[in-house]
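K.L.:
Protein sequences, first through last, are from chains L and D. Take the first sequence: its position 161, counting from 1, is numbered 161 in this note's numbering, and each next residue is one higher. Take the second sequence: its position 144, counting from 1, is numbered 144 in this note's numbering, and each next residue is one higher.
One should not assume that every hint holds.
As the list claims (entries may be wrong) - These stretches of chain L come out as covered by chain D in the derived footprint (C-beta under 8 angstroms, 3 or more residues):
hint : segment
1    : 53-66
2    : 257-268
3    : 274-287
4    : 311-319
5    : 326-339
No lab work stands behind these hints, which were simulated from the structure alone. Think of the CB as a built atom: it goes at the ideal place given N, C-alpha and C, for glycine as much as any other residue.
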Amino acid sequence: MTATDMAAAGGPGQSGTARPRVLPGPAARSPWAIAGRRLRHNRSAMASLVLFMLIVAISLAAPLYAHDIAHVNPFANNLNGTTVVGGHQVPIMQQGGGTLHLGETPIGPTWDMGHYFLGADNLGRDVAARLLYGGRSSLEIGIGSALICCAIATLVALAAGFFGGAVDALLSRLMDLIWAFPVYLLAISISTVLLTRANGMQIGPLHLVAGSLWLPTLIIALIYVPYVYRPVRGQVLSVVSREYVEAAIAQGASNVRLIFSEILPNVVSVVIVLFPLMIATNILTESALSFLSIGVQPPNASWGTIISDGQQLLYTRPWVSLAPGFMIVLVVLSLNVLGDGVRDALDPRAKVRRAG
Amino acid sequence: MLLFTVRRVLWTVLVMFVITLLVFVIFFKTPGVDPARSLAGRNPSPQVLAEIRQQFGLDRPFPVQYLVMMKKLFITRDLVSYSNQGQRVFPEITAAAPATLSLVFGAAVIWVALAIAMGVAAAVLRGTILDPLLMIIALIGISMPVFWLGEVANLITQSKMHGTPLFSWVPPLGYTPLTQNPGLWFEGLLIPWLTLSVLYVGLYARVLRASLIEIGNEDYVRTARAKGLTEQRVLIRHTLRTSMITFVSLFGLDFGVLVGGGALLTEVVFGIHGVGYLTYQSLSNLDLPVIMATVVYGAFFIVLANTLVDVAYSWLDPRVRIS
């Protein structure tokens, strides 16, 4: 119904005075446009979005940095190599650098983009280049598992909320069971066992090479499904009995059409609010699993594995551990601020239970 | 109330059964995973594998294996480690438990006190610059990986600033039992406590602030103000009191998770030999029985804590019982 229809329907007594009213600009926009506008006016959220995109862009440029600026292979040991500091050739592994470390200490940060900017790790590998490659893995896992997790949770929630009854009871109980299982313990259990398989594994048509990033991605996606499922199912239940759904049923719409073109568009905002928070949670989970050496496997790097690599060098070369930690904090913080902004923009009253 | 409790307890029993089943399937029945192989070492001959299967009962039918494992876990409690032949798992866990409990209890005291102070301050100072400032600090606390924060704390207190009077009292990493030396117990745990509590201070301060502001708009709070109560009294007797319902239930859940294995990362970074550290050590040599035992006991503790919280919650807030 447009504003004109409403005025026309107002009855004979008012038809003389009612003029067709055209609502002014912003109010006539779609809810998505209004939310987008609100988000664009939220300065801290926009700043976080820019920061996040910047880190994504830098991480994607990892090969470019490694090949063309630093000229290193961040995955190969380089124990006998040299680099240039202040015009002098310097060995990467330095003799007698620390009193506690017998033998060699890797070179510290040179703060020179072309030559071991953040120094080297225990195997003489360029930390700055590994940091970028590690960011790529961490972000890929974080975003990938958030996508998979939200997709599965939404589909299950749609099925549960739409069909109701026994289907709902069964699916919800199943989700409650996963929910009751402590997140880290579940991740540790699955990761430990899957890591014992040297030859990779076959999940349906998908073949996972041992050490594939898909393994942590799928594990993390799976363990957080209930956290997304619960709020989405709640929203499906509140939408499923609305008038426009009834109208579509009366028109003879199929179940598939009802679910995907009537209900889904009206629950998707809940998923969008959760999405940045899920990426943040997933990146933290990934780093924890990798730190425990049951996440990303060598030779791949992620921010968690680099922190773990730097643990032995903590007191002599702290930047190996410090740098990836700062990256995690920046990314997760920006996603949290962005998530708050998205929530305020889409539904100022919504409350989100933070997962974890 | 009674019906609710009974239903909740039955559900708990079912959840625990499914968890043990799931853990057992994950550890011993994942297609392609062969515990005998991890026991046998490199390139075992088929005879050795068969012998090990027979010795550890891995050749028996699935339900029997499951029941034997459950018997070993809960009744006879004589589950034996794979990598340390003859080492019983249960005494190892009970020996490690005091360290975990010390860590989590201390951290809980700190995080509850700080979170209440921070959340109340932010809610009361709403409209001033301090509110967003406190919330940014809380958000930063939420965004830090705890194991990294622990490393930074170690770097500062053990190395960079250990020479200064500020941190010269910090003992080397490790755990001293309370019964052995209470002073050293406290000094050794203070930094781990603070590290572990940072995340929860941020989380709880945010939740408490939101809840205080929301409840501040309720009719009964307006009534309390209208009858002339001081702001302080309204806050303590009315708004804060109601907010505590959510706060307490959240606390129960997180406390359960931490005791049940969630403090793993903090224990590893600070070298505190608690239950989480035991899990970590077993991860590196794939000692399946130890990992399985810590996971099952931890999960049980968490599920139990959840049940207690739910029952307490329904007792505090009658509205929950109906749903």
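K.L.:
Establish whether the coverage given for the segment 326-339 of chain L by chain D is satisfied; the threshold is a Cβ-Cβ distance below 8 angstroms, and no fewer than three residues must meet it.
P.N.:
That given contact holds, which follows from 6 residues of the segment 326-339 of chain L lying within Cβ reach (below 8 angstroms) of chain D.
K.L.:
Between the segment 257-268 of chain L and chain D, are there enough contacts, at least three residues with CB-CB distance under 8 angstroms, for the coverage claim to hold?
P.N.:
violated (count 0)
K.L.:
Are there at least three residues in the segment 274-287 of chain L whose beta carbon sits under 8 angstroms from a beta carbon of chain D?
P.N.:
Coverage by chain D holds here, the residue count being 3 at a Cβ distance below 8 angstroms.
K.L.:
Under a C-beta cut-off of less than 8 angstroms, do 3 or more residues of the segment 311-319 of chain L approach chain D closely enough to confirm the stated coverage?
P.N.:
Since 4 is at least three, the answer is holds.
K.L.:
Taking a Cβ-to-Cβ distance below 8 angstroms as contact, does the segment 53-66 of chain L have at least three residues touching chain D?
P.N.:
With 0 residues close enough to chain D, the hint is violated.
Checked against the numbered hints listed earlier, the structure breaks hints 1, 2; every other hint is satisfied.
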